[in-house]
Structure formats: structure tokens, C-alpha cells
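Undergrad: Chain by chain, the residues:
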Amino acid sequence: MVEEPILEIRSLHLSFGGIKCLSDISFDVFDKGLLAIIGPNGAGKTAMLNCISGFYRPQQGKILFKGKDLTRLPSHQIAKLGIGRTFQNLAVYAGASTIDNLLAGRHFHTKENIFAQAFWFGPAMKEEMKQRLFVEEIIDFLEIEPSRYSIVGSLPYGIRKRIELGRALAMEPDLLLLDEPMAGMNLEEKEDIARFILDIHELRKIPIILIEHDMGMVMDIAQRIVVLDLGKKIAEGDPDQIKSNPTVIKAYLGE
Amino acid sequence: MWRPSGLFHVNYSQEIAFVQTPFQWVMLVLGLFVTFALPLFIPLDALNFFIKAFITITAVLGLTLLTGNCGQISLGHTAFMAVGAFVGAPLLNQGVPLILCLIMAGLAGGIVGLIFGLPALRIKGFYLAFATLAAFYVIRFILIHYFGGVVGHNVPPPSILGFSFNSDFRIYYLIASTCFAMTYFTKNITRCKWGRAFIAIRDHDIAANTLGVNVYFYKLMAFFIGCFYAGVAGLVLSIYMGWASVDHYSLTNCIWYLGMIIVGGMHSISGAYLGVFFILGIEEMGIVIAPKLAELFPQLAGSMIGAVPIIFVGLVLVLFIMIEPRGLVHRWEIIKTSIRIFPFSN
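Taken in sequence, the protein lines are chains A and B. Its first residue numbered 1113, the first sequence is counted upward by one per residue in my numbering. Its first residue numbered 254, the second sequence is counted upward by one per residue in my numbering.
No lab work stands behind these hints, which were simulated from the structure alone. Treat each hint with caution, since some may be false.
[To be verified] 25 Å max Cα-Cα, derived SDA-like pairs, lysine to any residue:
hint	chain 1	residue 1	chain 2	residue 2
1	A	K1362	A	I1333
2	B	K440	A	G1207
3	A	K1192	B	F470
4	A	K1144	A	R1316
5	A	K1223	A	M1241
6	B	K440	A	F1233
7	B	K440	A	R1122
8	B	K377	A	R1169
9	A	K1242	B	V272
10	A	K1362	A	T1158
11	B	K440	A	R1169
12	A	K1223	B	K377
13	A	K1192	B	Y469
14	A	K1180	B	I459
15	A	K1362	A	D1350
16	B	K377	A	A1206
17	A	K1238	B	N467
18	A	K1302	B	K440
19	B	K440	B	Q273
20	A	K1223	B	K440
21	A	K1238	B	Y265
[As the list claims (entries may be wrong)] These stretches of chain A come out as covered by chain B in the derived footprint (C-beta under 8 Å, 3 or more residues):
hint	region
22	1155-1163
23	1197-1203
24	1230-1244
25	1345-1351
[As the list claims (entries may be wrong)] Among chain B residues calculated to face chain A with C-beta under 8 Å, some are:
hint	residue
26	S266
27	F394
28	N441
29	C445
30	A450
31	I452
32	D456
33	A460
34	N467
Only a predicted model underlies this, so the values are computations on that prediction, with no experimental measurement involved. Built from N, CA and C at the ideal position, the CB exists for glycine as well.
Could you put together the complete structure from these sequences and hints?
TA: The following block contains the structure:
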């Protein structure tokens, strides 16, 4: 039986003026898959994610998520379809507490109307409690209980990265895009994040697209790898195939 | 917040409750009692100060939501107040019930605010400030030329259930209760989905977008809600003045409102209260001191009376931006923490 891909990228072209950022990229993400996108700096990895989450509009090609084309949808609707993401540079809400950051991730799961809210009667309260309970599970999962009430702007980098991950998880996504979740971390923190990623993938059964520069980590946790270089896909396969692929080695080390 | 040891939240509703400890209940009841008993004890001058403060707080709460929480600077806030007054005053004249008038004034302010908030979809920060400044003058122009703005509208003393608000003493109750009701709404909005969406847009609009927040919609709603407050405050001010005229809604006031949220603390309700009382207090102090300074420097006397309060407020604003940009609320948090952990320092 052939497995249905959850996300299909079909011959994607993206250019800014004369600069070709992505050309003719195609790959699939399968349900329950953990796909890593790697490549040297400027290869177009983040541009790829930005196309998926609707910040860039590709000139050609299709991005099909559960059979629906994303290329013309606004970002917030793409999010509602079930694509959560984190950013390469931290994008937490620095002025709000951890709880509020995570609750903000529950945005479109929260069924509230402003009039009931303004007067704070019956259903409003219940809905808040329900969302809070869900968020509490994520806090437990990511082990950030001590910083529950802290203002995120005052927390250390590693914790903020976790909170950002938690916020994406709070959306209950069907596909998670992680843009360098381990950038700038020491080994211990990297191992923590790797553990969270594997847990998300195995326990919550969420397919993940991961961009990461730490090759050791990528080779260890990814099931499939797509290699980009200068906007082109130069290889795709499982970690062992990629390790021994001469084109990939050439892209990284040069001739 | 004073909290005896051993008093913990045992469920989530306690944690986000308006009043969390018995001590706060006492303070709330006492505070309300003092506020409503105040006119019986203080002279009319002082009462006018409080009336002015409560009207300003109502308006500034809108700005707290719009600028402090959602990050959209508005230099047209007083214009939206004027819209509220100019819609509410004729309605009051025709004998429409007061509550309905307040709601209509709020809605009018909100809708006009929403229209002039449209540039916010494209521009941010400094540029938005200028777009709203333009809005101020456009609205002022329209009100003056098409709605009889210079002459204005007479506002009859309104009444609820036969209780007529026909003196400052009585109007005080109307204004204080409006202010408290609006405070309660603000608290509720900030602790729900909408408040979080506003903060999301302020702190990182791109991330907010990827989390399913329709940034355009919530920006406009921030303008609508913020200007709803302005509309209500505008009508209340015109009731107090007995007259609705564009001259009551000046640009200077609007800039001072921004100053008040800076001095108080941008994104909290207590910040709005502290900021308003602090700035208005400084202004009053200036008014008291100015004649004495004029005696000392007779050659400057002519210009001094008007200038001294403004200089005082300006000086305070500059000092706050330099020394405590996060406002009085932040300073208060620090003091609270150091009391709590007393023998140690943080």
C-alpha cells in the first residue's frame, strides 16, 4: 500500500527580482515522517519554510497540504489548517508570561466571543479553564514549570526556544515546521531539544520538517533528508544515503 | 499584592480572578466606599480634580489597550472622543436614555476609529503616529464644518430613573461608575483571547500570523475597542462640561494621554490609574505654584501662569523616559518584591 503524503511540494519556483531563491523543488512529507532539510547557508531552507507558511508567494508550483493548495492562502489560514512553526530567530512574545505565550498559541482553538468576555460570565470562564488545562500539559511535557509565570523576555535563551516550541505545539498542529530549533545551544540543551522532537514525533504522531545545521543531530534523528544548495534540491534520501552522496559532500566541502 | 504565606491558588479560576485574596476584597470594598463617599468630605475644587481624573482614566484605558497592549500608537485619541461627544450630545438632546447614548457614543467613536485605523494595516510605529495625527485634523475639520463644531452642542443634564445628574456633585457618581465599568471591561478583555492576540501583535506580528491570529482583523479591533473607550469618555466629558465643542478635545490632551501611559506603565490598568493621577497631580501642583513663582519673577509673570504646569509635566515626562521608561507600575513591582523578600535584596 502506498502511503499518502501529508504535504506535497510540486516544482516550486521562488525568485526575488533576478535572484532565483528556489528553483524546481519537489518533495513529499509523509504522515508520521521526520524530514530534515539541510544545506549550506543561503541554500533557501528558510525560504522554503516561509513559502509553506505563506510569507513568500512562489511564482510557480504548488504546495499541497492534505490535498489543499497553500500558495495563495494568507498565513493565519494556513495556521488554521494545522501547520505550526517556530522561527530561526526567537519569535516569542517577550512582554507576556510563559502561560500567556502558550495560551496565545491556542488562539483559534479558543471559542470565545467578545461580549461574553467583556462581562466575564459563564462560558467565558469555562473556556479559559479548558485552554489552560491543555497548556498545562504542554508545560509539563516541555519541563518549563518553574518559569510558568515569568515574563518571557527575562528568561534565558534555551527556555525561550522551548516556549516557542510549546507555543507551536499548543496549536495542535498536523505538521510542525522547526527552523533551527537547536541554534546557539550547548550539547546538553541540544540533547534536550532532540528528546522533545523525538517525543513529539513518536508520542504525538506529528510529522515534522526540521531545518538544522548540526549534522550529527540531523543524521541521528531524521528519517529522511532533503539537501538544498543554491535553491536547488541536490539530494534526497535516508541519512545513510545522504552521508555517502558525493554531490552533498561536494556542496559542503567544495571540489 | 499582600499575600499571607500558605495562601495558594488551588485552581486556575482563582489565578485569573479579578480579586484573589481576602485582603484584596477588603481593599476593593474600601476603595469603592471611599470613592463614592468622597464628594461628601472634599471641597468642590478637589471634586473637580477627581471628575477630570476619572474621565481621563476612561479615555486612557482605551489607549492602554490600543497602544500599550496592541502597540498601535494613536495621536488622534481626543478626536475620537470628540466624535463620541458629537454623536452622543444630539441624542441626549432628543431624550434618548443615557445608557443608550453612552453606547452609541462609544460605537460612533469605535467605528470612526476603525476607519482611521485602516492605515495601521500597512504601517507601523512612527508612521502610524503621523497617520493618526492626520486623522485628528481630518476629524476636527469635519466636525467643525459639518457638525457645528465651533459652536458645539448643548448637553442637557441626563438622568437615570429620575435621578438627574444636574450638579458636579451628582455627575461625579456617573463618571466614577462609568470609569469603573470600563476598568472592569478592560480587565476582562486583557485576560481573554483578544487581549492575548493584541499582545501577540505588539510583540511579534509575524509570529502571531503563523499562530492563526488574523493580524489585520485584530489590529482593527484594537482600534475599534480603544476608540470605543474614547467615545464614551468624550460624551462623559461633554456631560460634565454641559457643552460639546471641539475645543475640549485638543491635541495637547492627546499627547498628554500618551505621556500618562508612559508614566504609569504602558500595558496595565493600574498603570493607567497611576499615570493619570500622577500627571494631573503634577499639573495641579504647577497651577498652585505658578502664582508664587510669578511673585518671585515679576518680569515673567504674564507668561508664567500658563506655562509652569506644562513645563512641569514636560519635565516629568522627560525624567520618566530617562529613568523609568517602564513606568510607575514597574517601580511598584520592584518595591513589592523587595518588601516581600525583605531582609534580602534583589
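Undergrad: Failing hints, ascending?
TA: Of the numbered hints given earlier, those the structure breaks are 7, 11, 12, 18, 22, 25, 27, listed in rising order.
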